[in-house]
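So you can see what is in the structure, the chains are spelled out below.
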Amino acid sequence: MKHKKAKKYGMVIDLDKCTGCGSCMVACMAENNVPFRKDESDKLLSITWMRIYKLTNGKPFPNTDICYLPRPCMHCEGQHEGHSPCVTVCPAIATDYSSETGIVSQIYTRCFGCRYCMASCPYHARYFNWWDPVWPDGMEKYLSPNVSPRMRGVVEKCSFCFHRYQMAKEKAFMEGRRKVEEDEYQTACTQACPAGAITFGDLNNPNHTVYRMVKPDPKHHGRPTNPNAFRLLERLGTNPKVYYLSSREWIRRAGDNYLKSESIAKKPAHHE
Amino acid sequence: MSALDDNAKEIAEDAGGEGVATSSPEINQKEQDNRSEGPIILFFILGLFASLILGWIIFPKLLYSKKKQPIDFNHVLHVAEVEDGCESCHFFREDGTYSGVPKLEQCIDCHEEIQGDSPDEIKFVEEYVSKGREVPWLIYSRQPDSVFFSHAAHVKVAGMDCVTCHGHIGESESLKIYEENRITGYSRDIWGKSIGGFKKNTWDRMKMDDCAECHRKNTAKIERAGVKTPTNRLIDHFIDVVYPGTSKFGKGSSVQTERDACFVCHK
Amino acid sequence: MKIDRRSFLSFLIGGAAGTTLSPLTWKLMDDSAIWTQMWPWTPVPADGEASYVNSACSLCSGGCGITVRKIDDRAVKIEGMKGHPVNNGGLCILGLSGLQLLYGPTRVRTPLKRVGQRGQGRWEKISWKDAISEVAETLGDLREKGHSHTVGFISGSDRGTVPRLFDRFLTVYGSPNLMRTSSIIDSYELTLHLMQGAQALPGFDFENADFILSFGSGILDGWGSPVRMFRANSTWCNTGGKVIQIEPRLSNTAAKSDKWIPVNPGTEAALALGIAHVIIKESLYHAEFINYYSEGFDDWKRFVLGEYGPDSVATITGIDSTTIIALARSFARASKPLAICGRGQGTTPGSLNECTAVHALNALVGNINKKGGIFAVAEPDYINWPEVEMDVRAAAGMQKDRLDGAGSKKYPFSRYLLNRLPQAINSGEKYPLKALFVAGANPLYTMSDSKAVKKAFDKVPFVVSFSSYMDETAQNADLILPNHTYLERYEDIPTPAGMPRPVIGLSRPVVEPQFNTKHTGDVIILLAKAMGGNIADAFAWNSYDECLKETLGYKWRVMVEKGFWSYPDFFVQTHEESFDTVSGKFEFAPKETGSLKQFKPVNIEGDKTNYPLLLIPYDSIRLANGVVGDPPFVMKSVEDTVLKGTDVFIELNPKTAGEHGLREGQLAMLSTPVGKARVKVHLFDGIMPGLVALPRGLGHTAFDDYLAGKGINFNELIGPVEDSVSGLDAAWGIRVKLAKA
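Residue numbers (this note's numbering), protein chains in the order written: chain A, 1 to 272; chain B, 273 to 539; chain C, 540 to 1280.
Looking at chain A on its own, in the form it has when it is part of the complex (with noise of 0.2 Å):
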C-alpha cells in the first residue's frame, strides 16, 4: 500500500443524545467565518456548512416523534478513494480528495462558481455564495485569521475544520512530532456540542473512538458493522465518513430513505 500511514478523519454523530440545540451549527458559523443576512429563512440560500434536519415519523398526536440530524459535509470516499460526487464533477479542480486525510477540500479561488458540485452532492452539503460577504460595521474584527472569508460566486462547504488540523500540526512540529494526536485536532462543533453528540477521529485507526464506536467494514467499503450505526443514503455508494448512530428503528432508515415495504435488516449489496 503506497499510504500505509494515511488517515482517514470521520465523525459518528449520536442521534440519541442530539438535542438539535443548534451550537453545532453556530460553532461552525463562528469558526469558519460564515456569512449571514438579513433574512435566513430560504434555507436554500442559507449558508450552514453543519446543518440540522428535524425528521419526523410521520404518525399521529400521540405516536408522533421527531429527531434532529446534524449534517456537515460527508466527505464521501465514493467508491474507490477519491471518487466523491463533487470532486469528480467539478471542472476546475477547485474541490479535492486527499488521500493523507480523507478530507474533501474545497479552494474558493479557484471555483469559478459553475454548481456542477453542488447539483452532484446528495446531501445538500455544499452552498453557493449569491452575495458578497457584508459583516455590519465593525462585526469583522471577529473574523478569524485561520479560515479566508469567501467571495460571492464561489461554493463553500464544511472542511471537517482542517485548519485546525494544520494547526495541530504545525503544534506537533515544533514540538518535535510529526504525529497528530486525536484529542489534538478536533472539529469546532465536536468541541461545541453540549451533549457530547459528536465524536470525531481518524477511521483507519482502531484506537481512536470513532472506529470503535462505528467499526468500520473495510471490506465494504467502511459499511458500519455497529447495528446501531447507519450513513446517509448508504445505498447511493457514496461511501460517507459521516456515521449516525441511533437505537430507533424509524430514524435508521428514514437515514437510507428506506420504503415501507423494505426490510432494513437485509442490507443490500452495492454495485461492485
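In case anyone wonders, no lab produced these hints; they're calculated from the structure. There's no promise every hint is true.
[Stated by the list, open to error] Listed next, the in silico BS3-like pairs over lysine-lysine satisfying Cα-Cα at most 30 Å (straight line):
| hint | chain 1 | residue 1 | chain 2 | residue 2 |
| --- | --- | --- | --- | --- |
| 1 | A | K43 | C | K1279 |
| 2 | A | K215 | C | K781 |
| 3 | A | K141 | C | K781 |
| 4 | C | K609 | B | K403 |
| 5 | C | K1276 | A | K54 |
| 6 | A | K59 | C | K781 |
| 7 | B | K539 | A | K141 |
| 8 | C | K621 | B | K539 |
| 9 | C | K1183 | A | K43 |
| 10 | B | K448 | A | K43 |
| 11 | C | K652 | A | K38 |
| 12 | C | K973 | B | K375 |
| 13 | C | K1194 | A | K43 |
| 14 | C | K664 | C | K948 |
| 15 | A | K179 | B | K428 |
| 16 | C | K969 | C | K948 |
| 17 | B | K448 | C | K1183 |
| 18 | A | K38 | C | K993 |
| 19 | A | K43 | C | K1215 |
| 20 | B | K489 | C | K566 |
| 21 | A | K59 | C | K969 |
| 22 | B | K479 | C | K998 |
Note that the coordinates shown come from a computational prediction; the quantities given were computed from them, not determined experimentally.
Model the placement of chains B and C on the given structure of chain A, informed by the hints.
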C-alpha cells in the same frame, strides 16, 4: 514634405495610375517596391520595439506603485548583535505559528532609549516606541488570504533555511523600495522582480508554481529515497521526465491532481 | 516619412508581435484573475498571536465557563471552558455567538439622552459626567421632596455584587422598590421556604438521579442551566437514567425523553397529586423520611387519598388511569427519582400549588437534600459589606409599602412581584412611580401584556436603562447609561440556576471596552458619590473593580486564574438539620397556606365560546427570549417552519387545522382577549388537538435588522394571571380564536 508627396502619389495611383507620368512604369514599379518595403519593415520593427518597450519597461512602472518603508532597517547590523540568527527576531511561537515581522514588543528590549545616531532609529523611537504604535511595515513576502503557509513544516521539519525562499535579505543594510501591484495589491516580490517571470534563484519568485516546483521535486526525492534498486530509480526518473506527476513515487496526497491536496496550502 | 496603410498594419503587427514577446498580456491576465478572486472589499482578517482568556458567560443565568480565543487584541471565537463544573467544554448556541453582540450593531456606544418622543429613536450623545449628574439631580430632588420611595429598580437578578449594589443604593437612598425579573425560581424559593423553612435556591442533582419526572420542564429547551442539562441528558443516555416528560406538546425534551405523556395543559398539579395518591395508597413512599422528618403527612394524605384517585385525575388530566398508576410505581421504585417543574425554560413562575405538589412527590420518595435529589442551596455568603447607615429620609422611604405588593398582607411570602408592577402603576392605587431604573432586564419585551407594560412605562416620567444593547426598554428610556458587555468587564457570576452546589464564576474583560461605555457598578458608585452624605458613605470604594476584589478577598486570585470558585468544602446538610420550619421537619401542608394542598386550576383569560382554542407558548434554545434576543448566527439556525420571512408559524394539530379549514403555510388571524396577530400555520402532529403553540423569542421591535420586525412577541397576546397565594404570574396560556386571514 516627402511624406505628403508620397501620399499624394499613392492617392493618384489608387485612382488608376493615370495622370502624372514621371518615369517609365518598370522603374516606377521597382522604385515603389524599394520605397515601400523599407518603411514596412521599419514600422514592423518600430511597432515591435515600441510594444516591447511598453511591455518590458513602461508596463512594470505603471503596474507597480512604489512605497517607502516607514523607517529603514539594517539587517546586517542586527544579525551581528543577536545570537540565534533570523529566528532571534523572526521566531516561532509555542503553538508552532510563525511570528513574522517583529512587533514593537521585541524591539523595545533594546530600543527603549535611542541607541545610536541613525536618523531612522531616532524616528523609530520617537514616532513608534514612545507612542506605543506598531510600525506599519510593508511585507515583501505577504501571501494572499487564501494561502496557508506553515513555516514550521518547512523550517522545523524539512530543515530548509530562510534564504531558500527569502533570499539574502539578512545581508542587506537597508530596506528596498516596496512595490505594490496596483491591480492585485500583492507585493512585487511574489511575481518576482523580473516582469517576465524569469527566475535564477529559488527566492526570486513566490507564486504557487514556485511552491509546486519545489514540492514536486522534493516529494519525488523523499519517496524515491526508500527505493533501493537503481533500475527502479531509473525507470521512475524516466516516468517523471516524460509524464511529470504520474510517477507513483512522485504522487502527492491529492486524488484529483495527483499532487498535494489543495488544503495543504490553502485555507 | 510617409505612413501608408501597409506601414500602419505593419506597425500593428510589429506591436502585436512585441506584445506577445512582452509579459504585458500574460501578467495582466494573471493579475486580473487574482483581482476577481480576491475582491478588495472581501475582508482579510489580520493574523497575529493567538491567546486564550477564561471568563464566564452571563447571557443567561446558566453561568457557563467560557474560553475566548483571541488574535492579538481581537476576540475571534468563544468556546466552552474545559473542566468547568457547569459546562465542561460545551456551550450553547447563544453563548457561542456572543462576539456578534460584542462587536455588533446593537451596542449602545455612548451615554444617550432622549431628544424626541419616547421610543422615537432620537438621541443626543452626552458625557458620562453630565449623565450621572442629571440622574443625581433627579434623584436628589425626589428625595428632597420625601418621594424617595417612588424610585423603582428592575434588575435581572438579585444575586451577585452588582445587584447587591443596586439594593444597597436603594436602601440608603430610601426606596423599597427593587424588583427582580421573575421565573420558576421564585416559585421554588417560596416552596422551599414554606415546606422546608429555607431561604435558598433549589439545586437539582441531575447527574446522579436516575428517574426524572418532568412536569413540562424544557430540560433540553433551555430550562435551568442549559448546557448542564444537555450534559446531564447524555449522562442518562449512558447510565440508563429515564426521563418522563409530561406536557401537551412534543418539545425537544419530550422527543428525547424515554416517555412523553401528553397532559391537558394546566393540570400538571392534579397529575402530581394523582401520582402521590398511588404512592401513598400502595405504601411505596419512603417511610423513614415520612415518619421522622416530615410534618402534616397524615392531614395531606387524607386529602390526597380522598380526592385524587387515578380515575378522577384521569378525567382532569386526560391521561388514562393505568398510565398514572404505572408512572407512580416506576417513580417510587426508582433508586434516585427526581420530580421537577417549571414549564419550558421556566420563564413564568407558574402556580405555587403546582410547585408544592411536585415538590411533595420528592418528599414522598425522601430525596430531599440527598444524592440524586433536590437540595436547598443557600447562597454562599461572600458579600459581606458593612451595614449601611440610613438617615431619616431613607428610613421613611423604606417604611413605605412596596409598589408591587410583595411582602404585603395579601402576599406575605413573596419577595418580588414584578408582574404586578404595570397594574400597580396603571391603576395608580398606591403611589406613582417617578423614576425607574432597569439593569440586566428588558421588561418591555419579556413581561406579559406588552401593551399594559408600555402604558405603565409611559406613566413613569424618568426611565433610565443600563443596557449595553439597544433593546426595547432602552429604546423607550429617557436616558441610557450603557454598561460594558460581559466580555469587557469584571463581575461575579453567582451560582447558576439549579446547581446542587455553589459555584461563583468570574466574568472578566476579554477585550478592552470597545465604546464609551461604563461598568454599571462604577456608575452606581459614582452616582452615590455625586449624591453625597450617607449615600456616598455607603459606597466607600473608588471603583467597582476595587469593590469586587475586596469582596472576593482570597478567592480573587484563584478566580482570576481558574475562572471560577467552587467551594471545595461545601457539604450537604443531614435531614436532622435540613429543615428550619416551626416543626423542624418537612411540611407537607404548610399551615400558612392551607389552600395549597388542593389542586386549583389557574383561571386563564378568555371564555370558551368566543375563544374555543388554547394558546400556549413554547421555548426553544434557538430562540433567546431573555435580556438579549437572537444574534444573527442564532437567527440563522431558526427553522423555516418557525419563521419564514417576517411571518411566524403557529403549531397546529392537523385535526384542529382541518376543523378550521386551515392548511400548511396558510395565513391565519390569532386573537386572544389581550391581542391579535397574523400568523402562518404549520401542521404538527406532535401537538394536542385544540391547542395552538407559538414560539417565544420573536417579535422584537428593537435590536438590529437581523432580529427586529420578525414574527410576534408572545407577550403581546397574553396577560399575567396572579397566583392567589404567591401573587406571581401563574398563566400558562390563554384562550384563543383562530380564523383564516
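Open item on the list: Can you confirm whether the C-alpha distance between K1183/C and K43/A stays at or below 30 Å?
Closed with: This hinted pair holds, its Cα atoms lying about 10 Å apart.
Task: 30 Å Cα cutoff - pair K448/B, K43/A - done: With a Cα-Cα distance of about 52 Å, the restraint between K448/B and K43/A is violated, given a limit of 30 Å.
- [ ] Assess, step by step, whether the Cα of K664/C is no farther than 30 Å from the Cα of K948/C, and give holds or violated.
- [x] Since the Cα atoms of K664/C and K948/C sit roughly 45 Å apart, the hinted pair is violated (cutoff 30 Å).
Open item on the list: Check whether the Cα positions of K489/B and K566/C lie no farther apart than 30 Å.
Closed with: Cα-Cα ~26 Å, so holds.
- [ ] For the pair we were handed, K59/A and K781/C, check the Cα-Cα distance against 30 Å.
- [x] Distance ~23 Å between K59/A and K781/C Cα, so the pair holds.
Open item on the list: K1194/C and K43/A were given as a pair; does the straight-line alpha-carbon distance stay at or below 30 Å?
Closed with: holds, 28 Å
Open item on the list: Against the 30 Å threshold, does the CA-CA distance of K43/A and K1279/C hold or violate the hint?
Closed with: Given pair K43/A, K1279/C holds - Cα atoms ~26 Å apart, limit 30 Å.
- [ ] Given the hint that K141/A pairs with K781/C, test it: the Cα-Cα distance must not exceed 30 Å.
- [x] Cα-Cα ~45 Å, so violated.
TODO: Mind checking the alpha carbons of K179/A and K428/B for me, to see if they're no more than 30 Å apart?
DONE: Holds, because 14 Å separates the two Cα atoms, which is no more than 30 Å.
TODO: For the pair we were handed, K59/A and K969/C, check the Cα-Cα distance against 30 Å.
DONE: violated, 55 Å
Task: 30 Å Cα cutoff - pair K969/C, K948/C - done: Within the cut-off at roughly 14 Å; holds.
Task: Given pair status - K1183/C, K448/B, alpha carbons within 30 Å - done: Violated, at about 58 Å.
Hint compliance for this structure: hints 3, 10, 12, 14, 17, 21 and 22 are not met, and every other hint is.
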